[in-house]
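I would like the entire structure built from these sequences, with the hints used as guidance.
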Amino acid sequence: GESVGLHLPTLSVQEGDNSIINCAYSNSASDYFIWYKQESGKGPQFIIDIRSNMDKRQGQRVTVLLNKTVKHLSLQIAATQPGDSAVYFCAEISPSNTGKLIFGQGTTLQVKP
Amino acid sequence: KAGVTQTPRYLIKTRGQQVTLSCSPISGHRSVSWYQQTPGQGLQFLFEYFSETQRNKGNFPGRFSGRQFSNSRSEMNVSTLELGDSALYLCASSLDGLGGYTFGSGTRLTVV
Numbered sequence: 001g002e003s004v005g006l007h008l009p010t011l012s013v014q015e016g017d018n019s020i021i022n023c024a025y026s027n028s029a030s031d032y033f034i035w036y037k038q039e040s041g042k043g044p045q046f047i048i049d050i051r052s053n054m055d056k057r058q059g060q061r062v063t064v065l066l067n068k069t070v071k072h073l074s075l076q077i078a079a080t081q082p083g084d085s086a087v088y089f090c091a092e093i094s095p096s097n098t099g100k101l102i103f104g105q106g107t108t109l110q111v112k113p
Numbered sequence: 001k002a003g004v005t006q007t008p009r010y011l012i013k014t015r016g017q018q019v020t021l022s023c024s025p026i027s028g029h030r031s032v033s034w035y036q037q038t039p040g041q042g043l044q045f046l047f048e049y050f051s052e053t054q055r056n057k058g059n060f061p062g063r064f065s066g067r068q069f070s071n072s073r074s075e076m077n078v079s080t081l082e083l084g085d086s087a088l089y090l091c092a093s094s095l096d097g098l099g100g101y102t103f104g105s106g107t108r109l110t111v112v
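Protein sequences, first through last, are from chains A and B. Everything in the first sequence is counted per the working numbering, starting at 1 for the first residue and increasing by one. Everything in the second sequence is counted per the working numbering, starting at 1 for the first residue and increasing by one.
Possibly wrong hints are sitting among the right ones.
[What the hints assert, rightly or not] Okay, derived cross-link-like pairs now, DSSO-like style, lysine-lysine, Cα gap no bigger than 30 Å in a straight line:
(1) A:K42 <-> B:K13
(2) B:K57 <-> A:K68
(3) A:K71 <-> B:K57
(4) B:K57 <-> B:K13
(5) A:K42 <-> B:K57
(6) A:K68 <-> A:K56
[What the hints assert, rightly or not] Derived contacts from chain A toward chain B, CB cut-off under 10 Å, selection only:
(7) Q38
(8) P44
(9) F46
(10) D49
(11) K100
(12) L101
(13) I102
(14) G104
[Said to hold, decoys possible] Among the chain B residues that face chain A by a calculated CB cut under 7 Å, a handful are:
(15) S33
(16) L43
(17) F45
(18) E48
(19) N56
(20) G97
(21) F103
(22) G104
(23) S105
(24) G106
Please keep in mind that the hints were generated in silico from the structure rather than gathered at the bench. We treat Cβ as the ideally placed atom computed from N, Cα and C, and that holds for glycine.
Quick look at the structure:
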C-alpha cells in the first residue's frame with residue numbers, strides 16, 4: 001500500500017551543525033509534500049511544504065529538497081539549535097485523496113549542546 | 001488568529017464505553033481531517049470532512065465515525081471502546097483539503 005518512510009528513527013547532532021532528515025515516498029501520484037515538527041504533548045507543527053513541480057524550497061533555516069526520480073524528500077536544518085529537538089514527520093498528499101495526509105513514521109532529532 | 005481547538009485535552013474511558021471528541025477549525029477553513037497517533041502505528045488517517053460531507057475515509061472499523069456541522073466544527077465518535085483505541089487523536093483544518101493544514105494539540109484518550 002501507500003507509505004511514506006523515513007530512513008532513520010533517531011538523528012543526533014551537535015548544536016550548530018546542520019541536520020538532514022530523509023524521507024522516501026512510494027506514491028508517484030503524490031503532488032504535495034509537507035514536513036511537520038512535533039514536540040512532546042503538542043500536535044504537529046507545519047515547517048515547510050513543496051509541490052511536485054519544484055525541486056527545492058527554502059524557508060528560515062530550513063530547506064526541503066524533492067527528488068521525484070527516486071521519490072525522495074529531505075529536510076535540511078541549518079545551524080541546528082536545542083529548540084529544534086523534536087520528532088519530524090514527512091507527509092504526502094495526492095490529488096485523488098483530498099484531505100488525506102499520509103505520514104511517515106517520524107525521525108527524532110536530538111540536539112546535543 | 002485562533003488555531004485549531006480540540007476538546008477535551010485528556011480523557012479516560014472504560015472498555016465498552018463510547019466517546020465523542022470535538023474539533024473547532026480555524027475560522028474560514030472548511031476541511032477537517034482526523035488522525036490517530038500511536039507509538040506503534042504512527043499517524044493514521046481516519047476521515048476528512050468538507051462542507052458537512054465525508055469526503056475521504058481511512059481504514060478504520062465502523063466504530064469510528066464523525067460528522068461536521070454547518071460552522072465547520074467537527075466531532076468524531078468512537079463506540080464500544082477497546083484498549084487498542086488508546087491514542088492521541090488529532091484533527092487538522094484546511095481551507096480546501098488540498099494543503100495548508102494546521103493541527104490542533106490533540107485529545108489524549110486512554111481506555112482502561
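Status of the hints after comparison with the structure:
1. A:K42 <-> B:K13: With a Cα-Cα distance of about 21 Å, the restraint between K42 (chain A) and K13 (chain B) holds, given a limit of 30 Å.
2. B:K57 <-> A:K68: holds, 27 Å
3. A:K71 <-> B:K57: The given pair, whose Cα atoms are some 25 Å apart, holds under the 30 Å limit.
4. B:K57 <-> B:K13: Holds. K57 (chain B) to K13 (chain B) sits at ~25 Å (cutoff 30 Å).
5. A:K42 <-> B:K57: holds, 24 Å
6. A:K68 <-> A:K56: holds, 11 Å
7. Q38: Check passed: Cβ of Q38 (chain A) comes within 9 Å of chain B, closer than 10 Å.
8. P44: Where the cut-off is 10 Å and the nearest Cβ of chain B is about 5 Å from P44 (chain A), the hint holds.
9. F46: For F46 (chain A), the interface hint holds, since the closest Cβ of chain B sits about 7 Å away, which is under 10 Å.
10. D49: holds, 7 Å
11. K100: With Cβ-Cβ at 5 Å, under 10 Å, it holds.
12. L101: holds, 7 Å
13. I102: Cβ of I102 (chain A) sits 7 Å from chain B, so the hint holds.
14. G104: Given a least distance of 7 Å, the restraint on G104 (chain A) holds.
15. S33: holds, 5 Å
16. L43: Holds, because the Cβ-Cβ distance from L43 (chain B) to chain A comes to roughly 4 Å (cut-off 7 Å).
17. F45: It holds, given that the least Cβ distance between F45 (chain B) and chain A is near 5 Å, below 7 Å.
18. E48: This hint holds: E48 (chain B) lies near chain A, its Cβ roughly 3 Å from the closest one there, short of 7 Å.
19. N56: With a closest approach of 5 Å, the N56 (chain B) hint holds.
20. G97: holds, 4 Å
21. F103: Check passed: Cβ of F103 (chain B) comes within 4 Å of chain A, closer than 7 Å.
22. G104: holds, 5 Å
23. S105: holds, 5 Å
24. G106: Because about 5 Å separates G106 (chain B) from the closest Cβ in chain A, which is inside the 7 Å limit, the hint holds.
Checked against the numbered hints above, the structure breaks none of them.
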